[in-house]
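S.K.: Given these sequences and hints, build the entire structure.
Number of protein chains: 2
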Amino acid sequence: MTKIFVNIGLSLDGYMAPEGMAIENWNNPEYKNWGAKWGTMMSWILKQQYFCENLTFGLGGETGPVNDMLRYTMERSGAHIMGKRMFEQGEVSWPEEAPFHTPVYVLTHEKREPWVRPGGTTFYFVNDGPAHALEQARESAGGRDIRISGGADVIQQYLKMGVIDELEIALAPVLFGGGRRLFENLHDTLPQLQIDKVINTPDATHLHYVLL
Amino acid sequence: MTKIFVNIGLSLDGYMAPEGMAIENWNNPEYKNWGAKWGTMMSWILKQQYFCENLTFGLGGETGPVNDMLRYTMERSGAHIMGKRMFEQGEVSWPEEAPFHTPVYVLTHEKREPWVRPGGTTFYFVNDGPAHALEQARESAGGRDIRISGGADVIQQYLKMGVIDELEIALAPVLFGGGRRLFENLHDTLPQLQIDKVINTPDATHLHYVLL
Chain A
92 MTKIFVNIGL SLDGYMAPEG MAIENWNNPE YKNWGAKWGT MMSWILKQQY FCENLTFGLG
152 GETGPVNDML RYTMERSGAH IMGKRMFEQG EVSWPEEAPF HTPVYVLTHE KREPWVRPGG
212 TTFYFVNDGP AHALEQARES AGGRDIRISG GADVIQQYLK MGVIDELEIA LAPVLFGGGR
272 RLFENLHDTL PQLQIDKVIN TPDATHLHYV LL
Chain B
92 MTKIFVNIGL SLDGYMAPEG MAIENWNNPE YKNWGAKWGT MMSWILKQQY FCENLTFGLG
152 GETGPVNDML RYTMERSGAH IMGKRMFEQG EVSWPEEAPF HTPVYVLTHE KREPWVRPGG
212 TTFYFVNDGP AHALEQARES AGGRDIRISG GADVIQQYLK MGVIDELEIA LAPVLFGGGR
272 RLFENLHDTL PQLQIDKVIN TPDATHLHYV LL
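Listed in order, the protein sequences are those of chains A and B. Mapping to our numbering: the first sequence position 173 is 264, numbers consecutive. Mapping to our numbering: the second sequence position 27 is 118, numbers consecutive.
You can take every hint at face value.
Here are the simulated lysine to aspartate or glutamate pairs, EDC-like style, with alpha carbons at most 20 Å apart:
hint	chain 1	residue 1	chain 2	residue 2
1	B	K175	B	E187
2	A	K123	B	D279
3	B	K123	A	E275
4	A	K138	A	D294
5	A	K251	B	E110
6	A	K288	B	D294
Bear in mind the hints are in silico, worked out from the structure with no lab data behind them.
M.R.: Structure, rendered in structure tokens:
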């Protein structure tokens, strides 16, 4: 059975992205200090062997339960769904061999032909909403799971639709003080949660929840 | 050396109290469902032996690392500081023997004589701000630690003053969707954090941070 899951990094004060982190400031990470804040939040992942290899940073890096979790996250995913902002930031950052190796459905108003990358990643631009993107992802996932990659507003839309099965958060010991919050605009569409697993490391606390 | 610390319960979406939890709705926990939400967030503590005894609910309850942590939290505290709202909610809820057993400094504009309770708790009403309350707490703590009990706005004031040494959060697997957020109004007064310890249980993930 295909599971729909979220696996993201989060600051302790609940932000997925610090204030100032936007495509127009991509080459200016000093702007509102967004680069350092984001780097602190994601420092745990930059050390992992699987991450370095997948982003073609070269060999090396840590192995262990967090690395295993990263590999499992990628291997279980038969399709990804993301928002336009996340795609645009990745478009200028990912290596030519984009690190998904599956179909990726991008929620956007922009009409654009599919963008095929070497290594198995194809980006499809979906103009008719999150429900249709999920349908397409389900068809192409071939029984594997579907990852809602982000950003915050996309995750909120799927949380409100009640379709997310698992929520995995790497909670980093950093405060952003502002930015885009993960949990916002949910109002009364609140899923019930159960703690599934916690992996603690000095860099982040990996919290895995099952949605009931 | 006296440490200044926070030890609170938090919903996964970052709220210390759900919307509707206010003194005027104290006898109406169905209002916006605040009673059930708060009860879910705090379910971990209601089971602990130390908590039940301290609130004179009677004997029984769980023992183990979380219970030990609760006892340690109370025993290390030589003084407490809280806001007016938390005091008012407690005033109608605590047993006659209030569960602090130390001086408690209440930040309020109300002028009121100290309120002495059996069992060693005396509430002092401080009208001249958080710095002065901290001074008084330090004098009376006798080398023991000072707990900033809450609510959110009081903790924010002390975070902004940069005086908090330790932040302990019992992160519960529940979403409130609204209410009083712990991390708000901090802007650029952001402490740096380090993970000190994590205790995981099915009811809450106990996250202990040291502030650098």
